[in-house]
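In order, the protein sequences belong to chains A and B.
Residues in the first sequence are numbered from 1 upward in steps of one, following my numbering.
Residues in the second sequence are numbered from 1 upward in steps of one, following my numbering.
Keep in mind that the hints were calculated from the coordinates and are not lab data.
Here the structure is a predicted model, which is why all the values come from computation and not from measurement.
Mixed in with the good hints, there may be bad ones.
Computed spacing ranges between beta-carbons, pair by pair [claimed, not checked]:
# : chain 1 : residue 1 : chain 2 : residue 2 : range
1 : A       : THR111    : B       : GLN18     : 35 to 41 angstroms
2 : B       : THR9      : A       : THR12     : 25 to 31 angstroms
3 : B       : GLU52     : A       : GLU69     : 39 to 45 angstroms
4 : B       : GLU82     : A       : THR71     : 31 to 37 angstroms
5 : A       : LYS56     : B       : ARG15     : 46 to 52 angstroms
6 : B       : THR14     : A       : TYR39     : 27 to 33 angstroms
7 : B       : PRO8      : A       : THR111    : 27 to 33 angstroms
From the derived model, a few chain A residues whose C-beta atoms are all more than 12 angstroms from chain B [stated by the list, open to error]:
#  : residue
8  : THR20
9  : ASN22
10 : LYS56
11 : PHE62
12 : SER72
13 : VAL82
Where a beta carbon is used, it is the ideal one built from N, C-alpha and C, also for glycine.
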Amino acid sequence: GDSVTQMEGPVTLSEEAFLTINCTYTATGYPSLFWYVQYPGEGLQLLLKATKADDKGSNKGFEATYRKETTSFHLEKGSVQVSDSAVYFCALRAGGTSYGKLTFGQGTILTVHP
Amino acid sequence: ETGVTQSPTHLIKTRGQQVTLRCSSQSGHNTVSWYQQALGQGPQFIFQYYREEENGRGNFPPRFSGLQFPNYSSELNVNALELDDSALYLCASSQAGAGKSYEQYFGPGTRLTVT
Chain A
1 GDSVTQMEGP
11 VTLSEEAFLT
21 INCTYTATGY
31 PSLFWYVQYP
41 GEGLQLLLKA
51 TKADDKGSNK
61 GFEATYRKET
71 TSFHLEKGSV
81 QVSDSAVYFC
91 ALRAGGTSYG
101 KLTFGQGTIL
111 TVHP
Chain B
1 ETGVTQSPTH
11 LIKTRGQQVT
21 LRCSSQSGHN
31 TVSWYQQALG
41 QGPQFIFQYY
51 REEENGRGNF
61 PPRFSGLQFP
71 NYSSELNVNA
81 LELDDSALYL
91 CASSQAGAGK
101 SYEQYFGPGT
111 RLTVT
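Let the hints inform the model, and build the full structure from the sequences given.
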């Protein structure tokens, strides 16, 4: 079945450091890929998405590129801020499904110190 | 535009009891999906409702059931609660149909504690 694997966490960085959170997936066909962010006590917010190979999703300084050859969708940001502290989830939606079920990774906790 | 809302925010139940959680979808959305998020884990898909019919189900037992109403709001019912049902329950709404994005917008969740 479909699955998403995220890098082991948590991740702790100083403000303005470079961020990478690794994500790899297993799916049949051509899934759409997503990064969601969850701030303490809140639900999930869509951060960015990519729907086909080589697409780059970007938002709020975060970027991720859909790499079909390595089945990866790594999240990057050049300079993190304290306000980026949250839990980040990689997710996929299998291609061709009629109902758009999302399959999530286990999440990566990011803490940014001043 | 009103986002996805859920009620209640928190509740505590005893093992063996039944619980109903509620979700109001975002304006213009016709599909509601429910997810269970255990502490420290990613959300797990429970099921989805489209036009008042169940339209996909994850690996959850039949004691997890749902409804969708004509206004597209939804309920999640869990019977015979078990301790492992303690989790954050997330509702997400989306617009399904030809040419639609299916992008899911999440509510803040209901935190269920079973004692």
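Determine which of the earlier numbered hints do not hold for this structure and return their numbers in increasing order. none
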